[in-house]
Each structure stands twice: as C-alpha cells, then as structure tokens.
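Read top to bottom, the protein sequences are chains Y and F. Using my numbering, the letters of the first sequence map in sequence onto residues 9 to 417. Using my numbering, the letters of the second sequence map in sequence onto residues 9 to 417.
The hints are simulated quantities; they were obtained by calculation from the structure and are not laboratory data. A couple of the hints might just be wrong.
Any copy will do: because identical chains look the same in the list, a pair fits if it lies in one copy or spans two.
[Claimed, not checked] Subject to a maximum C-alpha distance of 35 Å in a straight line, what follows is the list of computed DSBU-like cross-link-like pairs (lysine-lysine):
(1) 98 - 81
(2) 26 - 98
(3) 102 - 351
(4) 81 - 294
(5) 179 - 351
(6) 170 - 294
(7) 377 - 225
(8) 138 - 351
(9) 98 - 351
Quick caveat: nothing in here was measured; it's all calculated off a predicted structure.
2 protein chains.
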Amino acid sequence: MQLRYSPAVNSLHLLSPKGFAASGVRAGIKSSGKPDVGLLVCDQLATAAAVFTANRVVAAPVVVGREHIGNGKLRGVVVNAGNANACTGKRGMKDARAMCNLTARAIGCGEKEILPSSTGIIGHLLPMEKVTAGITAAAAALGSSSEHALAFMDAILTTDLKRKNAEVAVKIGRERIVIAGVCKGSGMIGPRLQPSHATMLAYLTTDVIAPAPLLRKMWTACDGSFNAVTVDDHASTNDTACLLASGASGAKLDSAAAKQKFADALAEVCQSLAYQIAADGEGATKVVKVVVSGATTVAAAKAIARTIANSPLVKCAMHGNDPNWGRIVSAAGYSSVRFDPDKSVLRLQGTTVFRRGRPVPFDATALSKALAADRVLVDLDCGAGTASATVYTCDLSSEYVHINADYHT
Amino acid sequence: MQLRYSPAVNSLHLLSPKGFAASGVRAGIKSSGKPDVGLLVCDQLATAAAVFTANRVVAAPVVVGREHIGNGKLRGVVVNAGNANACTGKRGMKDARAMCNLTARAIGCGEKEILPSSTGIIGHLLPMEKVTAGITAAAAALGSSSEHALAFMDAILTTDLKRKNAEVAVKIGRERIVIAGVCKGSGMIGPRLQPSHATMLAYLTTDVIAPAPLLRKMWTACDGSFNAVTVDDHASTNDTACLLASGASGAKLDSAAAKQKFADALAEVCQSLAYQIAADGEGATKVVKVVVSGATTVAAAKAIARTIANSPLVKCAMHGNDPNWGRIVSAAGYSSVRFDPDKSVLRLQGTTVFRRGRPVPFDATALSKALAADRVLVDLDCGAGTASATVYTCDLSSEYVHINADYHT
Numbered sequence: 009m010q011l012r013y014s015p016a017v018n019s020l021h022l023l024s025p026k027g028f029a030a031s032g033v034r035a036g037i038k039s040s041g042k043p044d045v046g047l048l049v050c051d052q053l054a055t056a057a058a059v060f061t062a063n064r065v066v067a068a069p070v071v072v073g074r075e076h077i078g079n080g081k082l083r084g085v086v087v088n089a090g091n092a093n094a095c096t097g098k099r100g101m102k103d104a105r106a107m108c109n110l111t112a113r114a115i116g117c118g119e120k121e122i123l124p125s126s127t128g129i130i131g132h133l134l135p136m137e138k139v140t141a142g143i144t145a146a147a148a149a150l151g152s153s154s155e156h157a158l159a160f161m162d163a164i165l166t167t168d169l170k171r172k173n174a175e176v177a178v179k180i181g182r183e184r185i186v187i188a189g190v191c192k193g194s195g196m197i198g199p200r201l202q203p204s205h206a207t208m209l210a211y212l213t214t215d216v217i218a219p220a221p222l223l224r225k226m227w228t229a230c231d232g233s234f235n236a237v238t239v240d241d242h243a244s245t246n247d248t249a250c251l252l253a254s255g256a257s258g259a260k261l262d263s264a265a266a267k268q269k270f271a272d273a274l275a276e277v278c279q280s281l282a283y284q285i286a287a288d289g290e291g292a293t294k295v296v297k298v299v300v301s302g303a304t305t306v307a308a309a310k311a312i313a314r315t316i317a318n319s320p321l322v323k324c325a326m327h328g329n330d331p332n333w334g335r336i337v338s339a340a341g342y343s344s345v346r347f348d349p350d351k352s353v354l355r356l357q358g359t360t361v362f363r364r365g366r367p368v369p370f371d372a373t374a375l376s377k378a379l380a381a382d383r384v385l386v387d388l389d390c391g392a393g394t395a396s397a398t399v400y401t402c403d404l405s406s407e408y409v410h411i412n413a414d415y416h417t
Numbered sequence: 009m010q011l012r013y014s015p016a017v018n019s020l021h022l023l024s025p026k027g028f029a030a031s032g033v034r035a036g037i038k039s040s041g042k043p044d045v046g047l048l049v050c051d052q053l054a055t056a057a058a059v060f061t062a063n064r065v066v067a068a069p070v071v072v073g074r075e076h077i078g079n080g081k082l083r084g085v086v087v088n089a090g091n092a093n094a095c096t097g098k099r100g101m102k103d104a105r106a107m108c109n110l111t112a113r114a115i116g117c118g119e120k121e122i123l124p125s126s127t128g129i130i131g132h133l134l135p136m137e138k139v140t141a142g143i144t145a146a147a148a149a150l151g152s153s154s155e156h157a158l159a160f161m162d163a164i165l166t167t168d169l170k171r172k173n174a175e176v177a178v179k180i181g182r183e184r185i186v187i188a189g190v191c192k193g194s195g196m197i198g199p200r201l202q203p204s205h206a207t208m209l210a211y212l213t214t215d216v217i218a219p220a221p222l223l224r225k226m227w228t229a230c231d232g233s234f235n236a237v238t239v240d241d242h243a244s245t246n247d248t249a250c251l252l253a254s255g256a257s258g259a260k261l262d263s264a265a266a267k268q269k270f271a272d273a274l275a276e277v278c279q280s281l282a283y284q285i286a287a288d289g290e291g292a293t294k295v296v297k298v299v300v301s302g303a304t305t306v307a308a309a310k311a312i313a314r315t316i317a318n319s320p321l322v323k324c325a326m327h328g329n330d331p332n333w334g335r336i337v338s339a340a341g342y343s344s345v346r347f348d349p350d351k352s353v354l355r356l357q358g359t360t361v362f363r364r365g366r367p368v369p370f371d372a373t374a375l376s377k378a379l380a381a382d383r384v385l386v387d388l389d390c391g392a393g394t395a396s397a398t399v400y401t402c403d404l405s406s407e408y409v410h411i412n413a414d415y416h417t
C-alpha cells in the first residue's frame, strides 16, 4: 500500500480510478480571480455515499445534496468556491438546484444525479450568471488527465495554501483497484460529519464495484480521519464528503476480506487527507497529534483529545515550542468526561513531563527544541481503561488572527 | 446604587466594608519582581462562602480551600501569584497547608480559618522560602487604607494589564453597608465555578451580618457574572471566588427585601468584575457582549451564547471590525442545543443582518465603523421561546498569540 501525500503529477491521482473525468475553471466568483468552479463526473451512473455537516445551520447545497444522495447513485459533483450559499433562504435553495440542473443538462443526466457543494462566505447570494457560465465552461473542459485532476483540486480551494490529495491502489481478487481523494479545508475546521465539520469538502473516487449501502457503511472511515481533525473547532454549514464508485475496474467486494481491505485503504486515504487539512490549517506551522489512551471508552478518549486539541492556550504553547504541559493537563480536566490526574501520564515528543499527579523533571531546553518540529506528539495516558483516540490539530499563530481579522469580507 | 469601575483611589474600595485589612508584597515568586503575595484579613471571624473551579484537575490550594470553607467561617485569605501550585502532588498539598499555617500564626487564628489561593504556572513546586518570607512581610504590612487595597490587588495579578475592582454601597434598614470586590484574570479564562473557570481569583468583602448558608446561596450571583465570562474557554485548575462578611456594620439581612437588595448589589459587583476580566482579556481590544434571547431554556440560551463567544472565527471577525455574521449564525448551529435559523434574527450593534434564514441588506462600511468600538453587542433572537442569557468575551488578537506563544515559561 502506497500513500501519496504529494500533489505533484504522478501515476496516481483523483482520476486514476477508471471511469472519471474532471475540470476546474475561473468563473469570477472569487475576487482573487482564481479557479472557482469544478466538476467531477463519472462516465456511468456511479454508486455513491456522502456524509454532511452536523451543524443545525446547513447550506442550501447540503440540503439538496442530502436529497440527491438518497438513491445512492450519482453521475457527478458540481462545486463552487468563493461563496457558501449558506443562510440564503429560498433563493439559495433555488440556486443550488439550478447548479445541479445546469450540470445535468451539460453532461446529459438527471438533475438528481448531481451532488452540489459550495464553500466561501456565508450569507451572500450566489452570482448565478457567473456560476452558470462557469458550469458551462467546466463541462466543456472535462478530461481525465492528471492536469484535469489538478484543475478540479484548485477550483475547490479557499484559504488553503496547498492542494490536498491522497491515493492508494490495492488488489481486490486479481484486479488492481484505486481509491483516490481530494479535499479542501483550512479554517472553520471542526468537522463532525454525519452519519458521524471548516468548510471541509472531500471527494473520493474509486473504480471498485460496490453497492451504495456498502459505501455508506464505509463512511465510518470519517471517525478516525475527517472527524478527528480540528483547526478551530468551528463546524461549517457546508461540510461534505462524497465517495463515488464507478465500478469500471470490474473488481467486486464480494468477500469479508475484500471489504476489509477496501475499508482499510479508504481509511488510509481519508487519514492522509485529514492530516493534510491540519497541516494546511489557517496560520499553521505544525501538526499536533493528540493521542489519548487508557480511557474508559473511545468517546471519553475523543472528548479529552478534542478538548486538548481545541485549547487556544495549548495551541499557542505548541506554536511557541513551549513545554508548558500544565495547559494540557488542565484542558483534559475541563473536558466533559471524567479524568483523574493522579492516574495519568503525559508525554510530549516522547518525553514524560507529568506522571500520576506530579511533575517529572525534564530538560526544558531540549524539549523545546524537540517541539520545534513539523509534527508534535502529545500523548496522554489516562490510566483508567483501554480505550484510545487520536485527534489532529495545528498550532495557533498570529497568522490565523491575521487571516480571519485583517482580510475583510 | 453606584458602581465604581475605576481602580483609582476613591471613597469606596475593597477595604471600605468595616472590619477588613489587606496587604501585598514582593516575595520574588514572579520573575518580573512585581508584588506576588497578598493577604486579606478580617478583624473578627467572618462568615464566608466560596466557589471553586469545576475542572477535574484542581490545584492544591483549591483542595485545601474547599476543606477550610466547610465551616462557613474565615479570618482571611492568603494568595500568591507567579505559581499555581497545581499538578504538584503531595508536596503541593503540604505547601498549601503551610501557607495557611504561616498566615494563621502571623495573624493569630486557626489554620482552618485561612483560605489559600495560588495563580501562575502549573506544574512547578512553590518556592517555599520566598513564600514564607512573603507571608511574614505581608502580615507585617497589613492595613485598611485604599493603598493597602491597591497593594493586595497588585499582588494577585498575573498577565492582567489592569487592576479590577467594583464596589457598591446600599442601605439595609437604617445602616449603610458596602459590598466590595477585587479580582484577577486575563488568560485561561472560562470559569465554571461550582456550586455552579482562567485562573480567575475574586475576593469580595462586606460588612453586613449574614450567616454562611445565606452567603452560599448568594453565590448564584456567579451564574450571571463570573460564569458568564470567557476569554479562551480554558477552565483553570485554580479558579476561586470568596465572599467574606465581617458583620461590622451591624446591619442584618433579616427580611426578604433586605436579602434581595443585598443579592442585587452583590450581583452588580460581580458583573462589574466579570466585565473587567473580559475587557482585560489577554490581547483584548474590546468587550463583546453576546445576548441570546428567544431560547426555550436558559441553559439552551447559555450554550448558544457560549459557543458564539468561544468561536475563534467570531472573535477574529470582531477584532477586525468585520460584519461577517455567517460565522455567528454557524457557531449557533454547532452548539449542543437545538437552533433553528429560520426562526432567528441576528443584530450587530443594533443593525439587523440576518432574519429568519435570510440575509438582510446593510451598509457594511457603516456597520464596520460601528464595530470599531470598545463594546460590541451581538444580539441573537432564536424565536423559539422566552429564555435568554448573556456571555461576555473579548476579541482575539495577534497579541493573545504573542502572550501565550512567545513568552516562554
């Protein structure tokens, strides 16, 4: 199994699974003039499953997407960046449906076979003239090369500094199948995707043959990946992750072993994408991996890990390479679940700093140097059970404030 | 009723209630060399009630304070700043008890009649030689002038830029009584004080005659004040608020009307102190008052208000005077309680920006100017009920990151 973190043109990419085409064009929705309308389509009607934000305020495209995914069949996905079409009332609903209708007509399918997504500012009506022209241009630009995959990836970005993709090829029976994914997300990142939240958008393709109910079950992959990443804990109105299976490889998931192999590969792709979101979090200079073990339940481990990962004080300390571990232990103490410091052990980058209620002497200068890394490991053993959970976050820098305070909307 | 927000020397201050003395000295615990040990004592055994952090990780002085307040009687309070004596094991417990013992011997009372508090870095043992010398010096420096009140206020500060105090005088029967309070808190501020979190320390004095059980009931004042303020939602291991009543005014709370008058005055003092904490939040340039009304329950209103007040995206927008209200509505949507955007109305500084699921056109330049104020009002009517709640927070600036990332511990 080979994971590709680099978005460079290589032999595997979003369009490597057989049966897909994509495009990305500049429609003028983003004031920057960067690409902002993307299409991802399958040659045939694909089986599909999607998960959406748990926010009670949901954008129009999420409402429409939930409807359209109901049949478990999609021909494609239409995405615009630069405007979230959220809090836009009936007009917003009409516009989201129009995006599907325009795409369907351009590629020749039913309106309900298109899943729409939008990302950008909340509370502004979509500039439908630009969107319409963009969809028309994107449909004309569809293709299956790695350049087409890159064009789609660019069109879905907002404050992201980097493209995000991951792919893996596995053998199912005698067939080689590919699972590929791309995503965007940098700020407003605290996904809680249901059946399990930035705007996080993720699109995954595969050429395996799999019925929609099986694909839906596979979305448990979210819990260890997209739902385990937080930049600012702010769940978006638009979060969407969608998996499309073209079936073009001819390989079927017809054994428990094959299903497990596919599920593992999907989880790995999703984890890579989630990691890339944390690494490209607004203002991030490093990824902080918070591992909580020894908890009584997985839910308890998650609650503690998430509270640590969301503490601005912890995130600032990580930014400053400051081994101020009291912020971590105190964050664990105010999570919603039981936590006993007298049973717990905390390690930073492998160095034990706190053990069973008491500080453990350590070389602060050496540990500060160790914290000045791209990846920081916070490892808290609660000593109360056997359950564990991992949450990925990033440090909190002045640049986060700059991005979200100084650039007016 | 007259509220004094200014810490300037005036006719009312922490020591205006009859029967109290205070002091503050430099013991060398803070590396800055600023005052760091303070004593507040009552001439007689005072009735007293205190509330402490809901964090599951509690500092040694909180454990000792909970014990000592059990009798509802205190002679005084000993406080050190620069070290939280938290996560310090058995040695920490011994040190907290030693602080009480030293103070008790110096002023001539029982060890259990002293409530200890500490604030500062977590996980470091107290430098007991310095603390001991500090307590001795502070006991020798006790006095009842406004300068003594100021010295005590200075000794309890950490990253605070301003002293915080509030006082009110009311007539109970024919007697004039005073309720006065001081507090500290700037970062690690998200108090959830029990029987209802920063390190927030607050000490209140009054000269009314009131039994301890009545004082305990009065701490419901926390819910609309200290428990309604958040800087970074990080509940401290050390939060403590303590009210001491000397009884020296001779006025008794012997009628329902007198009790209500006292409760109202106490609430007003606490609200002023809480407001001052938000205004002096680490890096704060303004106070953001989040009022959520039209909720089904007060708990629901609080949950929504707190989620809005803690969103880094909302706090950054407030810092940038950016009327990006989508961040507010989306934060309301991911709180733990039901919220229906189609019934809701959002106003910023009195300007309606969102009504029942749809954006309301507004003059963005004018509203941005209106947001460039010391006090910003976020007013969300949920349209679902009659309950309301208010939470005070501050904006999130680069200075917050600077304070918490760049100054090493």
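Do the hints match the structure? See the list:
no.: 1; hint: 98 - 81; verdict: within (26 Å within a copy, 63 Å between copies)
no.: 2; hint: 26 - 98; verdict: neither (38 Å within a copy, 64 Å between copies)
no.: 3; hint: 102 - 351; verdict: between (56 Å within a copy, 20 Å between copies)
no.: 4; hint: 81 - 294; verdict: neither (39 Å within a copy, 51 Å between copies)
no.: 5; hint: 179 - 351; verdict: neither (45 Å within a copy, 52 Å between copies)
no.: 6; hint: 170 - 294; verdict: both (14 Å within a copy, 34 Å between copies)
no.: 7; hint: 377 - 225; verdict: neither (43 Å within a copy, 50 Å between copies)
no.: 8; hint: 138 - 351; verdict: between (59 Å within a copy, 31 Å between copies)
no.: 9; hint: 98 - 351; verdict: between (54 Å within a copy, 14 Å between copies)
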